[in-house]
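Just so you know, the sequences run in chain order Y and C. The C-terminal position of the first sequence is numbered 287 in this note's numbering, with every residue numbered one higher than the one before it. The C-terminal position of the second sequence is numbered 948 in this note's numbering, with every residue numbered one higher than the one before it.
No false leads were slipped in.
Restricting the straight-line Cα-Cα distance to at most 25 angstroms, the calculated cross-link-like pairs of lysine-lysine (PhoX-like) are:
no., chain 1, residue 1, chain 2, residue 2
1, C, Lys714, Y, Lys187
2, C, Lys759, C, Lys775
3, C, Lys759, C, Lys777
4, C, Lys777, Y, Lys187
5, Y, Lys26, C, Lys330
6, C, Lys775, Y, Lys187
7, C, Lys330, C, Lys777
8, Y, Lys187, C, Lys759
FYI, nobody ran anything at the bench for these hints, they're computed from the structure.
Each chain, letter by letter, is given below.
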Amino acid sequence: MAIAEPVARRALRTTSRRKTRNLERKASVAAASLFGVVTLAALLAPVLSPDNPLMPAGAPLLGPGKGGFLLGSDSIGRDVLSRVLYGMRTSWFAALGVIALGLLIGGVIGLVAGATGGWVDNVLMRITDAFLALPAPVLAIAVVAALGPSLLHTLVAVSIVWWPFYARIVRGEIRNLAARPHVEAAKLAGAGRLRIAVRHLLPGAVPAALVTASLDIGNLVLTLAGLSFLGLGQSAPAAELGADTARNLSFLLQDWWVPVMPGIGVLVLAFIGNIAGDGVRNLIEPD
Amino acid sequence: MHLAFGPAAEKTVTDPGASTSEAQAIEVASIEDLHVTFRRSGKDIAALRGVSLDIRRGEILGLVGESGSGKSVLGLALLGLLDARADVRGAVRVAGRDMAHCDQSARREVRRVHLGAVFQDPMTSLNPTMRVGRQVAEVAGSKDEAERLLGAVGIPDPASRMDAFPHELSGGLRQRVMIAMAVAGNPDLIVADEPTTALDVTVQAQVLTLLRSLRDEIGCSVLLITHDLGCAAQVADRVAVMYAGRLAELGSSAEVLARASHPYTLALLRSRLSLASDRTTSLLALPGEVPNPAAPEPGCAFAPRCDLAGPACLDAPPPPLEVRPGHLSACVVPAVEVTSRLAEVVRAAVVPHPEREPHNDDVVTLYRVQKSFRVGAGRTTRRLQALRGVNLTVGRGESVALVGESGSGKSTLLRIVAGLESFDGGKLEVAGPDCPQMVFQDAGASLTPWLTVGEIIGERLRGISRAERAAKVAQALAHVGLPAEVAKAKSAQLSGGQRQRVSLARATVVAPSILLCDEPTSALDVSLAASVINLIGGLRRELGMSVLFVTHDLSVARVVADRIAVMYLGRIVEVGDADQITSQPVHPYTQALMSAVPDMGREPVALRGEPASPLAPPAGCAFHSRCPKAIDDCGDALLDVRLTAVDRSAHHLAACIRATA
Ligand SMILES: Nc1ncnc2c1ncn2[C@@H]1O[C@H](COP(=O)(O)OP(=O)(O)OP(=O)(O)O)[C@@H](O)[C@H]1O
Ligand code: SF4
Ligand code: SF4
Ligand SMILES: [Mg+2]
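Let the sequences and hints guide you as you build the complete structure.
What follows is the structure, given as structure tokens:
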């Protein structure tokens with residue numbers, strides 16, 4: 001008896017959890033919609049920014065709230081708030097870009113490997129593992145050294161190490177789905193390989209890939225900021241959070257807001273990314 | 288505790304007839320007007336809607352009902368395991384306690400001392416990481432007691448099995464371990480929820496016999512929950528039939544079988560397949576589906592499916608009333624009228640099968656087909672011989688059933704014919720033009736979850752306009768008895784029966800030359816199974832398809848097939864006309880399968896042991912380790928038993944050296 005008990009409970013547990021679920025769901029929707037809010041803010045950065053981020057707009061090194069600068073001004077009198085907003089815009093779209101590219105490349109490779117199986121699967125997964133083993137910063141430094149410093153080159157380098165995650169996840173999902181009878185039924189119904197892959201397998205891997213991707217954004221924002229802190233991002237005078245922090249570190253003791261505000265910008269973005277990612281996960285995979 | 292099968296046996300009542308009359312006064316459990324309601328996504332699910340029932344000392348009470356009728360909830364209520372948030376009204380008295388309302392520790396105490404439980408899937412109830420000996424010892428008190436119990440439930444060589452992990456045991460042995468744990472401590476009542484549903488027919492019979500003999504020995508009562516009225520009537524002293532959370536009928540097994548008084552019980556009895564079912568007409572399937580527990584009928588819940596329903600049925604749920612002493616039925620129509628009025632309706636509903644014109648060409652021919660799988664990895668790789676040389680033909684328009692225990696290779700054979708699996712040796716010919724279609728056991732899993740039914744069925748219709756396709760899909764759905772709107776639904780929105788119909792519609796939207804069916808009814812309720820079988824039979828006759836139908840149930844095989852092939856360990860051991868095989872089986876294995884079929888009013892004869900391992904098929908006749916007729920020659924490694932004709936027609940073949948001699 002002692003052992004049978006939890007099993008019998010499990011059978012009925014689902015019925016009673018529902019009430020709290022409704023509340024949880026609403027919270028998750030709110031969290032997930034933060035993605036939209038941030039993207040909108042990033043799109044509207046030119047409208048939201050009080051000043052041009054590249055041009056001096058007043059006296060240099062004014063503290064937050066002084067001289068009409070909400071977050072202060074930097075060493076040549078540019079508005080820190082505007083620079084932070086533009087920097088967040090750059091980081092956000094860069095992160096989205098890497099993820100989109102990762103989903104695309106990883107998705108295709110994972111789908112081909114999972115749907116084909118056999119040696120194709122083996123070869124593709126070996127290659128994927130090799131890429132997975134590359135260290136992002138070292139690769140980024142190498143790419144930038146070869147092609148010259150630019151945000152685009154850094155993004156290329158990060159994308160090269162980022163897609164293998166998605167390839168692994170998509171391939172795993174596809175392999176599980178491929179073992180289900182509905183795939184055999186589709187085969188018998190006369191569907192070809194491509195059709196089975198695209199219609200009977202791929203849609204089933206989308207939720208897991210989306211969840212991973214949305215949990216990844218915060219992570220990626222931090223990684224990209226770290227690289228640009230190391231000087232592997234946009235070149236001056238463009239506004240970028242990591243680079244702005246690094247360049248202005250010498251002001252930390254007297255005029256702390258100049259390096260700290262962009263750093264806070266990074267944290268806020270990563271934090272929102274994680275909360276929203278959790279929301280998406282709760283919506284797609286309740287429990 | 289050590290008394291279990293010793294002196295305790297003195298207080299038992301071995302004769303079921305006597306137990307019902309003598310022990311009437313003492314109940315081990317009594318349920319009074321029990322209502323259980325769950326709340327799910329804002330809706331009230333009325334699982335039980337006023338059930339009163341006594342379980343007498345020493346009796347086996349069979350609780351029968353289709354899925355969703357509330358029988359498992361009743362079992363959980365008895366065990367005091369209902370979810371704390373369920374709304375429970377009424378009383379469930381066990382050993383002087385109300386299991387529905389007393390506190391957790393009291394319930395645990397009652398469970399420990401007075402109750403035992405066996406569930407459908409022992410794998411989920413046993414701890415996979417603990418040796419079974421320790422698990423049983425935990426409830427039995429000591430290792431010696433555990434070993435004695437394992438022996439008592441018929442586990443061969445219990446001393447060595449004590450050290451086994453659950454996954455190392457077969458399903459039947461695992462269920463015996465569960466039973467050993469349930470009887471440890473001499474409970475007053477064992478609640479057995481579908482204890483045999485996951486098992487093979489032969490093993491099922493062994494487990495039912497075991498439950499019965501345990502009752503006889505230790506005198507405990509058993510609540511046997513099952514969806515199969517035949518199975519219940521066979522082992523139980525009394526039977527309670529439930530429908531939509533209420534009692535429909537209650538009486539002694541013999542009474543309910545011989546004089547069923549509720550239209551639902553009668554419908555169940557009619558749609559139930561047995562070896563005596565009429566093969567020449569369609570089955571009497573119960574129309575419609577189990578009612579939705581979120582929207583209970585105000586009146587008799589059975590009214591939408593009842594042939595006798597009238598205005599009087601729609602006001603309030605009829606209470607169970609005594610129709611004869613000890614026999615209750617909840618129907619407004621007097622019991623005497625029910626049977627006579629239903630007989631008329633039934634006579635009108637029977638459709639005789641048309642004569643089949645014999646065709647001479649074969650659609651499928653298998654010649655010495657072999658298949659082995661590599662199992663294990665690295666050095667431990669072994670060859671599992673799933674098919675060891677199979678010869679079989681299926682004629683045009685003919686229906687052939689493949690019967691055999693789990694692991695005999697039925698599904699493998701079917702998948703090879705479908706082209707889903709390769710084979711290692713022999714020849715396979717499948718007549719065109721298009722490839723065979725298949726209906727799977729788990730219809731839900733065979734439908735792509737994110738596509739609509741219309742898209743899934745339409746997949747087979749390429750190269751025609753969208754409007755034409757929609758029309759054909761609607762037509763195919765109509766053929767299987769589904770409304771055209773179903774085309775817009777996804778599989779998750781359909782019931783089990785509807786899913787199986789959809790997969791039939793997909794298979795037949797363009798008629799294939801052969802339809803392959805892998806246990807399409809074994810996951811369905813009795814009443815639904817009958818209608819799916821009717822449907823397959825109807826479609827086959829109408830479209831002129833051949834059918835290859837895999838089942839482990841001979842009574843199903845008998846009605847769906849013209850010919851039956853019996854498989855054992857990767858070989859066909861007997862094949863012949865369905866009537867011949869079921870009336871005069873000559874192979875000892877077929878004979879054993881026949882006697883294991885649960886049938887009302889007959890003791891099941893259990894075949895001993897379980898199928899030998901296909902990793903190392905026994906030498907000689909592979910069945911000799913279990914064969915009751917085996918002689919020394921049967922185990923001879925040089926013996927090669929081939930299918931040979933048992934009569935002059937050369938139509939009925941068997942692979943047994945003693946069958947043809
Ligand atoms: N892909 C596979 N890999 C390894 N072994 C397999 C595979 N498919 C089937 N088998 C084994 O082949 C044997 C025959 O299996 P099959 O599924 O044909 O049996 P069955 O008669 O359909 O049984 P059931 O009634 O349980 O469906 C079994 O021992 C099974 O474990
Ligand atoms: S009460 Fe009416 S609907 Fe219900 S079973 Fe009897 S006749 Fe049928
Ligand atoms: S050949 Fe021997 S062992 Fe095999 S079925 Fe016949 S009698 Fe039994
Ligand atoms: Mg099978």
